[in-house]
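A.B. asks: Sequence:
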Amino acid sequence: MKIAVAGGTGTVGRLVVERAREVGHDVAVLSRAAGVDLRDRAAVERTLAGADALIDVASVGTTSAATATEFFSAASRALLHAAARTGVEHAVLLSIVGIDRNPNGYYAGKVLQERLFKESAVPWSILRATQFHEFAGQVASQARLGPVQLAPRARAQPVAAAAVAARLVDLAVAGPQGRVPDLAGPREERLDRMIRAWIRRDGSRRLVVPVSIPGAQMRGMREGLALPGPGATIAGPSFDEWLDSQR
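Be aware that the sequence shown starts at 1, since it is given in UniProt numbering, and climbs by one per residue.
Simulated from the structure, these hints should not be mistaken for laboratory data. Backbone N, C-alpha and C define an ideal beta-carbon position, used for all residues, glycine too. Keep in mind that the hints are not guaranteed to be accurate.
[Stated by the list, open to error] Derived DEER-like restraints, expressed as beta-carbon distance ranges:
#: 1; residue 1: I234; residue 2: A42; range: 35 to 45 angstroms
#: 2; residue 1: G87; residue 2: D37; range: 20 to 30 angstroms
#: 3; residue 1: T63; residue 2: L145; range: 28 to 38 angstroms
#: 4; residue 1: E70; residue 2: S204; range: 32 to 42 angstroms
#: 5; residue 1: P123; residue 2: A42; range: 19 to 29 angstroms
#: 6; residue 1: R101; residue 2: E241; range: 25 to 35 angstroms
#: 7; residue 1: R101; residue 2: P214; range: 14 to 24 angstroms
#: 8; residue 1: D170; residue 2: S73; range: 21 to 31 angstroms
#: 9; residue 1: D170; residue 2: T62; range: 22 to 32 angstroms
#: 10; residue 1: G87; residue 2: R219; range: 42 to 52 angstroms
#: 11; residue 1: E89; residue 2: G215; range: 22 to 32 angstroms
#: 12; residue 1: V148; residue 2: A49; range: 49 to 59 angstroms
#: 13; residue 1: A42; residue 2: E89; range: 13 to 23 angstroms
#: 14; residue 1: A84; residue 2: R206; range: 48 to 58 angstroms
[Unchecked claim] Listed below are the simulated DMTMM-like cross-link pairs for lysine to aspartate or glutamate, each with C-alpha atoms no more than 20 angstroms apart in a straight line:
#: 15; residue 1: K2; residue 2: E18
#: 16; residue 1: K2; residue 2: D170
#: 17; residue 1: K118; residue 2: D100
#: 18; residue 1: K2; residue 2: E45
#: 19; residue 1: K118; residue 2: E134
#: 20; residue 1: K2; residue 2: E89
#: 21; residue 1: K118; residue 2: E188
#: 22; residue 1: K2; residue 2: E70
#: 23; residue 1: K2; residue 2: D26
#: 24; residue 1: K118; residue 2: D52
#: 25; residue 1: K118; residue 2: E89
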C-alpha cells in the first residue's frame with residue numbers, strides 16, 4: 001500500500017518512513033524539508049494523490065498555546081481536507097499521553113488536533129505515546145548553566161521512538177480503530193536520573209543538579225500526569241537498554 005507520512009523527516013517521522021519501506025510499502029513524505037508545506041493545501045493534495053493511508057507525526061517547536069494551536073489547526077485541516085478529496089481511507093495521528101490533564105501550551109494544539117481528526121470525514125485512529133527516550137537529551141541541551149547541568153525533576157515512562165514508529169505503521173495497515181491504547185515504555189523513570197545517565201554516556205563529569213522547575217506543566221509531570229493509565233501497551237527497550245545501544 002502507499003502510506004503518506006506528514007512530518008516524515010522528524011525524530012519519529014524518519015523512523016516511520018524507514019519502517020514502512022522495510023515492510024514493503026510505498027511512502028510519500030510531507031514536510032518542509034521534503035518540499036511540502038503542510039499548510040499549503042494544493043501541495044498537500046498533490047502529495048497525497050494515490051495514498052491509501054496517512055500517518056501524521058508532524059510537530060512544531062513551541063511552548064506557546066497560540067502558536068501550537070495555529071499550526072495544528074492549519075496543518076491538520078489541510079491534511080484532512082486533502083485526504084478526503086484524494087480518497088485516503090485511513091488517517092493515523094500520533095498524540096501524547098496526558099495532553100488533556102497536564103496544562104501546556106503545546107498540548108493545547110494537540111488537543112485541538114485530536115478533535116479535528118475525530119470530526120473529520122476520513123476514518124481515523126489516534127495513538128497517544130509517552131515521551132521518547134530522546135527526551136532526556138532534548139531537555140538536557142536546554143538546561144545547561146555554564147559548567148552546571150540542571151536536571152528537572154519529573155516522572156516519565158519513556159518509550160523508544162522506533163517502537164512508536166512500528167506501531168504507527170501497523171495501525172495504518174490494520175485500518176481505522178478510533179482511539180487505541182496508549183503506548184509506553186517498560187518502566188517509570190525519573191527525568192533527572194535519565195539526564196544524568198545521558199550526559200555520563202559520553203564521559204562528561206559536569207555537575208548535575210536536580211531542580212524542580214516552576215510552572216503547571218512540570219508540576220504535572222512531577223505528579224505523574226504524563227504517565228500512562230491502565231490498559232496501555234508496553235514496548236521495550238527500557239531507557240537504559242536504549243542508551244547502551246547508542247554508544
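A.B. asks: Run every hint past the structure and note whether it holds.
C.D. replies: Quick rundown of the hints versus the structure:
1. I234 / A42: 35 to 45 angstroms: holds, 42 angstroms
2. G87 / D37: 20 to 30 angstroms: Since G87 and D37 have Cβ atoms about 22 angstroms apart, the given range 20 to 30 angstroms holds.
3. T63 / L145: 28 to 38 angstroms: This hint is violated: roughly 19 angstroms between Cβ atoms.
4. E70 / S204: 32 to 42 angstroms: holds, 38 angstroms
5. P123 / A42: 19 to 29 angstroms: Given about 24 angstroms between the Cβ atoms, the range holds.
6. R101 / E241: 25 to 35 angstroms: holds, 29 angstroms
7. R101 / P214: 14 to 24 angstroms: holds, 19 angstroms
8. D170 / S73: 21 to 31 angstroms: Distance hint for D170, S73 holds at roughly 28 angstroms.
9. D170 / T62: 22 to 32 angstroms: 30 angstroms Cβ-Cβ, so the 22 to 32 angstroms window holds.
10. G87 / R219: 42 to 52 angstroms: The hint (42 to 52 angstroms, Cβ to Cβ) holds, given that G87 and R219 are roughly 45 angstroms apart.
11. E89 / G215: 22 to 32 angstroms: At 41 angstroms between Cβs, range violated.
12. V148 / A49: 49 to 59 angstroms: holds, 52 angstroms
13. A42 / E89: 13 to 23 angstroms: Holds, at about 22 angstroms.
14. A84 / R206: 48 to 58 angstroms: With Cβ atoms ~51 angstroms apart, the hint holds.
15. K2 / E18: With Cα atoms ~13 angstroms apart, K2 and E18 stay inside 20 angstroms; holds.
16. K2 / D170: Holds - the C-alpha atoms of D170 and K2 are around 13 angstroms apart, at most 20 angstroms.
17. K118 / D100: holds, 15 angstroms
18. K2 / E45: holds, 14 angstroms
19. K118 / E134: Distance ~29 angstroms between K118 and E134 Cα, so the pair is violated.
20. K2 / E89: holds, 11 angstroms
21. K118 / E188: Judged against 20 angstroms, a Cα distance of about 30 angstroms means the pair is violated.
22. K2 / E70: violated, 29 angstroms
23. K2 / D26: holds, 5 angstroms
24. K118 / D52: Judged against 20 angstroms, a Cα distance of about 18 angstroms means the pair holds.
25. K118 / E89: Distance ~14 angstroms between K118 and E89 Cα, so the pair holds.
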